[in-house]
Amino acid sequence: MKLKKPGMRNIKTGIGVMICVLVGYFNIVDKPFFAAAACIVCMQTTVKSSLTVGLNRLKGTFVGGLIGFLFVLIHPGDPILSCLGIITTIYICNILNINNSITIACVVYCSIYLSIGTNNPLDYSLHRIIDTSIGVLIGVAVNYFIYRPNYLNRIYNEIRAIENTSIKLLKTEIEKDIHGDISPLKDEITKLEGLYKNFLEELEYSNDEVDNKEINRTIKRCKEIYLHLQVLERMKDKCYINKENYIKSKDICDELSKNISTKEDVSRVYNYHISSIIDNINEIHGIDENQNDDDRVI
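The C-terminal position of the sequence shown is numbered 432 in our numbering, with every residue numbered one higher than the one before it.
It is possible that some hints are incorrect.
Said to hold, decoys possible - Pairs of lysine-lysine, DSS-like flavour, derived with a Cα cap of 25 Å:
1. Lys146 with Lys325
2. Lys357 with Lys320
3. Lys305 with Lys357
4. Lys305 with Lys139
5. Lys310 with Lys325
6. Lys357 with Lys347
7. Lys372 with Lys354
8. Lys397 with Lys382
9. Lys320 with Lys347
10. Lys384 with Lys305
No lab work stands behind these hints, which were simulated from the structure alone. Since the structure is predicted, the reported quantities are computational estimates derived from the model, not experimental observations.
Could you build all of it, start to finish, from the sequences and the hints given here?
Take a look at the structure:
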């Protein structure tokens with residue numbers, strides 16, 4: 135079995151937890167566990183998603199901490215009050231329209247209401263909020279400053295992979311007169327769209343100016359290639375490529391067979407889709423010509 139290397143998100147999560155434990159040694163946080171838990175949750179794919187999750191956690195921590203503190207003043211550890219406290223916490227989150235914070239708010243409420251022991255309710259509640267806040271800050275900071283992913287480079291690499299896959303499928307279609315498996319191309323396009331989404335999120339926290347419209351147009355061309363291949367996949371009758379498309383295909387396919395039969399004025403629908411695929415491949419081939427710096431981090 136071939137083992138994969140740990141991903142950077144994996145490593146950054148470990149670094150974040152280590153920092154949380156270190157700040158615990160210096161008594162900056164009361165309970166490193168709560169800071170570490172917040173840090174782990176905040177370590178998302180992009181800085182924007184880390185901030186979003188972090189803010190949701192802070193909102194939930196504040197609501198859960200406040201409700202937990204108020205119910206502890208009445209009677210800590212009571213089964214009926216624990217039920218009413220959860221209901222109140224969820225209700226307030228719904229009123230404040232912070233539904234994404236409901237889970238953490240309930241967890242914080244339980245951690246305070248059921249674990250208060252002999253601690254001072256106010257001090258205990260404030261420490262839980264502070265510990266979580268510091269954990270969120272550490273998680274976001276680590277994600278921002280340590281090896282931010284270069285999504286722009288990944289996008290260009292994925293476009294090259296889509297180009298190569300498209301050329302292979304085109305060559306199979308022309309040479310062997312059979313329809314190749316286009317599912318890998320669909321998977322690559324889905325991956326490209328995910329990278330582009332992350333790229334746009336990271337772009338909000340970058341000073342670089344990038345023509346993302348060109349990337350968006352290229353993604354559309356990749357989708358068009360897939361759609362044309364889908365149409366060809368449904369064609370059952372034998373089709374013939376015309377001479378124009380054969381010549382255009384030779385320009386992008388390595389060592390295209392010379393024994394391919396060409397016919398004019400037949401298989402017009404087939405040749406329309408072949409021509410469209412070739413044109414789109416040529417369009418996406420030159421996208422990286424406007425890339426200024428392969429090493430920049432977005």
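Going through the hints against the structure:
Taking the CA atoms of Lys146 and Lys325, the gap is near 22 Å; set against the 25 Å cutoff, the hint holds. A hinted pair counts as satisfied when its Cα atoms are at most 25 Å apart, and Lys357 with Lys320 qualifies at roughly 8 Å. Distance hint between Lys305 and Lys357 is fulfilled; the C-alpha atoms sit about 18 Å from each other, no more than 25 Å. The suggested pairing of Lys305 with Lys139 is violated, with an alpha-carbon distance near 35 Å, which exceeds 25 Å.
For the suggested pair Lys310 and Lys325, the alpha carbons sit about 29 Å apart, so the restraint of at most 25 Å is broken. Distance check on the hinted pair: Lys357 and Lys347 sit about 15 Å apart at the alpha-carbon level, within 25 Å; holds. At roughly 29 Å between alpha-carbon atoms, Lys372 and Lys354 are farther apart than 25 Å, so this suggested pair is violated. At most 25 Å may separate the alpha-carbon atoms for a hinted pair to count; Lys397 and Lys382 meet this at roughly 15 Å.
At most 25 Å may separate the alpha-carbon atoms for a hinted pair to count; Lys320 and Lys347 meet this at roughly 21 Å. Taking the CA atoms of Lys384 and Lys305, the gap is near 9 Å; set against the 25 Å cutoff, the hint holds.
Hint check: violations occur at hints 4, 5 and 7; the rest are consistent with the structure.
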